[in-house]
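Engineer: Each chain, written out:
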Amino acid sequence: MNAISVMVVDDHPMWRDGVARDLAEYGFDVVATAPDAAAAVRIARTVRPDVVLMDLQLGETSGVQATGEITTALPDTKVLVLSASGEHEDVLAAVKAGASGYLVKSASVTELVDAVRRTAAGATVFTPGLAGLVLGEYRRTSSHAGAPRLTERETEVLRLVAKGLSSKQIAERLFLSHRTVENHVQSTLNKLQLHNRVELARYAIEQGLE
Amino acid sequence: MSATSRRRTPAAGRGPSALAAVRGHIARSRPSETAISGRIARSASSDTAISGRDARGGGATAEVTTSLWRGAVALRVVMLVFAAVVTADQHDRYARPWLGWAVLAGMAAWTVVVLVSYTRDAGRRRSVVVADVLVTVALMACSGPALGAAQLAAGTPLVTTLWASASVVAAGVATGQAGGVLAGVAVAVTNFLVRDRVDTDLVRDTVLLVCAGFIVGLCADTARRTERRLRRALRAEATIAERERLARAIHDGVLQVLAQVRRRGGELAPLAAEHEVALRALIISGVGGSPTPDEAGLADLRAGVQGLATTTVHVSVPATPVPLPGPMAAALTSVVREALSNVDRHAGPDAQAWVLVEDLGGEIVLTVRDDGPGIPDGRLTTAAEQGRLGVAGSIRGRVAELGGTASLRTAPGDGTEWEVRVPR
Chain A
1 MNAISVMVVD
11 DHPMWRDGVA
21 RDLAEYGFDV
31 VATAPDAAAA
41 VRIARTVRPD
51 VVLMDLQLGE
61 TSGVQATGEI
71 TTALPDTKVL
81 VLSASGEHED
91 VLAAVKAGAS
101 GYLVKSASVT
111 ELVDAVRRTA
121 AGATVFTPGL
131 AGLVLGEYRR
141 TSSHAGAPRL
151 TERETEVLRL
161 VAKGLSSKQI
171 AERLFLSHRT
181 VENHVQSTLN
191 KLQLHNRVEL
201 ARYAIEQGLE
Chain B
1 MSATSRRRTP
11 AAGRGPSALA
21 AVRGHIARSR
31 PSETAISGRI
41 ARSASSDTAI
51 SGRDARGGGA
61 TAEVTTSLWR
71 GAVALRVVML
81 VFAAVVTADQ
91 HDRYARPWLG
101 WAVLAGMAAW
111 TVVVLVSYTR
121 DAGRRRSVVV
131 ADVLVTVALM
141 ACSGPALGAA
151 QLAAGTPLVT
161 TLWASASVVA
171 AGVATGQAGG
181 VLAGVAVAVT
191 NFLVRDRVDT
201 DLVRDTVLLV
211 CAGFIVGLCA
221 DTARRTERRL
231 RRALRAEATI
241 AERERLARAI
251 HDGVLQVLAQ
261 VRRRGGELAP
271 LAAEHEVALR
281 ALIISGVGGS
291 PTPDEAGLAD
301 LRAGVQGLAT
311 TTVHVSVPAT
321 PVPLPGPMAA
331 ALTSVVREAL
341 SNVDRHAGPD
351 AQAWVLVEDL
361 GGEIVLTVRD
371 DGPGIPDGRL
381 TTAAEQGRLG
391 VAGSIRGRVA
401 ELGGTASLRT
411 APGDGTEWEV
421 RVPR
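Protein chains in written order, with our numbering: chain A, 1 to 210; chain B, 1 to 424.
Next comes chain A alone, as it looks inside the complex:
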């Protein structure tokens, strides 16, 4: 099996090189690094990595926009947001724009390695922090017409994720299969991303017609 190819996007060289070195030690193929959003989009189109590790605070063009452009242009490339905690709105925006998950920068190397593997395998990386953000977003838009809704089960699962339970623990508590739990989590994200694409298209049409 080929090594998973990864691209690291961060404007801090010290951090970028540190992460790249760690990943290389664990057998990943770090094919590129990029210091800003524009370079990230350009390089990603050329090297087509399996996973892009994306910082969100990148200056003029944000990592959010780069995430959207990369996931739209390269459906096989997954974006994993690796950002400082506390950038809630940016993290949520990046996930809506197509990122497969989010990890805080203070995560350990093992957590990072595990997250990259799961992202490459097509799974979502849902930290409790991200679950809290997604839950909050559904609640914020609960009164908006046309906004996506969570089923009761999805809400239940998402709350448990936000409270720090692993999918195995959630499966045990709710008498579900591990796979069903993962599907519920994935579905909460898919609905948000789909709604986001519809909104963007609608906005583009409105702007175009005027």
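Worth flagging that the hints you see were computed from the coordinates, not collected in a lab. Ideal placement from N, C-alpha and C gives every residue a C-beta, glycine not left out. Careful, some of the hints might be misleading.
Here are the simulated lysine to any residue pairs, SDA-like style, with alpha carbons at most 25 Å apart [claimed, not checked]: (1) A:Lys191 - B:Gly361; (2) A:Lys168 - B:Arg409; (3) A:Lys191 - A:Ser177; (4) A:Lys191 - A:Glu154; (5) A:Lys168 - B:Leu408; (6) A:Lys168 - B:Glu417; (7) A:Lys168 - B:Ala351; (8) A:Lys168 - B:Gly413.
Quick look at which bits of chain A chain B covers, simulated, 3 or more residues with Cβ under 8 Å [what the hints assert, rightly or not]: (9) 105 to 116; (10) 133 to 142.
Let chain A serve as the given structure and place chain B on it in line with the hints.
Structural biologist: Just chain B now, with coordinates in the frame of chain A:
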């Protein structure tokens, strides 16, 4: 996503020595710090001047008040020229023309006095404005004998004519609506006393004078209120900019180094991790929203709770603020803090804790969960029966005061989970 939350310091951390770059970055940032505190100091001094009713031009923020003063002074000069023309035209009809010219001379002299006073911050005092109105009234009174009974009856304008209204405008600018109206009434009453009769012209003058005082006063009051607000906003903006600047400096420097130490492992790694998380929490609670209430008395619950994050305490919040009345936000933050300190005491050193903040619109839900050994069946009840209510009682009490409920879910080996629900 506000533009101000972006960090952009291309040079920081890029050189051969990251630490040197960080130092350079912090040193570069200093002048702007001085500039901001200088701005705060300036606004503060002008605030004192205004509250002392001096209406000094305290920099850009007192612009409107200053223009009002300039207008009042210009009006005075124009009115003096007008009065001089009227006097030159009418003086041969006066009973005592010399007195008429004397009154005009007095007006010219007083115009010079107020011109000097009102164009300076120090001269815009209430005492000068009172003197202004008194001198105007006195000069009007002298106009009576100058004109003589026949001319007064014929409706010939007083020597002071429209010039008299300028002091009303000045009073309005200096003291606001009340002062403006009062000065208008004083000048109008003098008008009646000098003429010693009531007719349509005099009533019309009265209405105009009182209205002028009122409207100019209203303008001055509004201008001062707006200027005060603007100053407050500028100060708040400077404070936020300062916090963000510090956050950027910490983020680009210290945090990068700490993260690297943690990643490299070794003896210092756990300590570095602890400080990294603490610093990040500090930055978030300082920039992302203040735990201290804003002008409407609302505080963002997220800010307080996020400040409690550590390497073992994970906090999940919505992306948008959770505004609550200040005391309520503080009380809920204390509840979380208490539950977490209980985790610290009972769940062992390796236990992790998760805090979830949910805003259901009409209700706030806080969950604090740990993965410790949990509490054996009946232990809480025993403690309560023995009168040792401890943490559980304290948490329930605080939540009940807010009209909410607190429930504890625990089982041996399955950690503890507090769920607090409070109506908004």
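Engineer: Just pull the numbers of the violated hints for me, sorted ascending.
Structural biologist: none
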